[in-house]
Amino acid sequence: MKKTIFTISLCFVISCSAVAQENYKKLADSLRYVTEVPYIENCKDPVFWKIVSKGKDIVPHLIDKMTDTRKLEKDVYVRFFGGKYTVADIAYVAIQEIIADIPTFELLDVPFHEECGYCSYWYYVRESKKNRKKFQRAVRNWYEENKDYLIWWESSHSVTGDCFIAPTKGHYIVRHKIFDDFPPLRQLQCGLWINKIGNIAFKEVGLGCELNDEGFEYGIDRYLTWAYTIPESGCESMSEDEFWEKCSSSLKDVVDTASFKILNSEFFMDKNFIYRYEVMACGGHIFVRHQDKMTEEQVRQEEFNAYPLVSAEEVARIAPVIKKWTDFYKLDFAKARLVNVDTTCFNSPQDDEWLYYSKIDEKEDTDKRIDVDYSPDKQRYVDLQVFWGYEEKDGKYYFNGWDDGQEIYLIDRKQKHQNMITRMGSLQLAEAVFWKSDDMFILVGYSRYYTPFRRFVYVFDITNQTKNCYEIMTEQEDEYSGYMDKVYWKEKGIIVVD
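Counting with our numbering, you get residues 383 to 880 for the letters of the sequence shown.
Since the hints were derived computationally from the structure, they do not count as laboratory data.
Wrong hints could be hidden among the right ones.
[Stated by the list, open to error] Now the in silico label distances, taken between C-beta atoms and shown as ranges:
#, residue 1, residue 2, range
1, Glu455, Asp483, 26 to 32 Å
2, Lys408, Gly499, 20 to 26 Å
3, Glu660, Lys529, 30 to 36 Å
4, Val587, Asp747, 52 to 58 Å
The beta-carbon is built from N, C-alpha and C at its ideal position, and this holds for glycine as well.
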């Protein structure tokens, strides 16, 4: 009798498992009915979040869909990069929402594009079905290797799309990626903190933040237990596992507490290392260098000096055009270096599948806009696409501010299309545009990806289809912005309120 009961129970379990798997398969089939991909305000699509709510159990079925190139039932366009989402694309977004920090570009085996970022992903998967199958196989292998190490991480914030309140209230992460929890025990004489199991931490007072149902809560104390180490070769080309092994270390394995000193708010040292503390949003990072090695700033300077100096001919051609901007910051364009020369196609035929090109409508085919920069003949203009733009009130125009990221567009009124020519990251800002002629314009701004930060001068030649990228390294951490607010908008009659 017991054997019979066991057999019936086993059959019931197997039957239930089979039914669950069939339900997951059907649910994955419903991907084509997704109408919104998560992005800030678009975070409530019922089909998408129902799929994501099933967690890691549905992941194998989503991986199966990564070669399904059918369009969705309702057209959903890829934000920033153009074209329409396929079932395969939505499947991978759902996988990324379920499991954080999947090493996408390592699995693609293509580099993250320095200028347009994620565009290299879209180029690769759209190129051929073969590429999608290769990517699918890599994702499946990664999942099989890591699925037993996935643990649930509570969070109100989404993994993709910057949704502040994600319906799932969390996601999975690979266990080894979590920093140690640090309930402090006591402060050491050197200023660091230690807990009951011997972990060492640097305390950030009031610099951390946490996300809850009401948004971000700032001013929270935070303990840093890890530091980024900088090996002889850079970490950029390493896999994620190699990065954690070779480019980061626990402070307890690095710091000599007997000789450790906090020199100022930015630098620490002990007998073996120099430590640089860099403040960032919601807390900072600690970087480690050997005492006998150059500082990070010296390394950056050497790398920068390896680029060719701008030619005298180019200085004579460009410097007078951007003089107003260089004078504002007291810059010498003759000290700029040519960091990149790129080919930019300004005249591609219109195609919905292209990342950067689209038609313009009647509202865009105008020479009356005050917030853009026209060529001398008014047939082209550059739109800096400042996120919040401006508004009119009582006959005056007021600037609304910007978000972290600009898409810079060249609009061609003759060819009736627009072209995204470059994109700024969260630590960059394109501040102004100067036209030298009807076929050449110059984009200027700054990048804070380096220390000290750099000013950039991008020269776009429409006739020759080229983009020359110059950078000027600042000599000190002076005010990195100001021209756009104090000069650029003012000249356009747009008021900036502090």
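- request: Just pull the numbers of the violated hints for me, sorted ascending.
  value: 2
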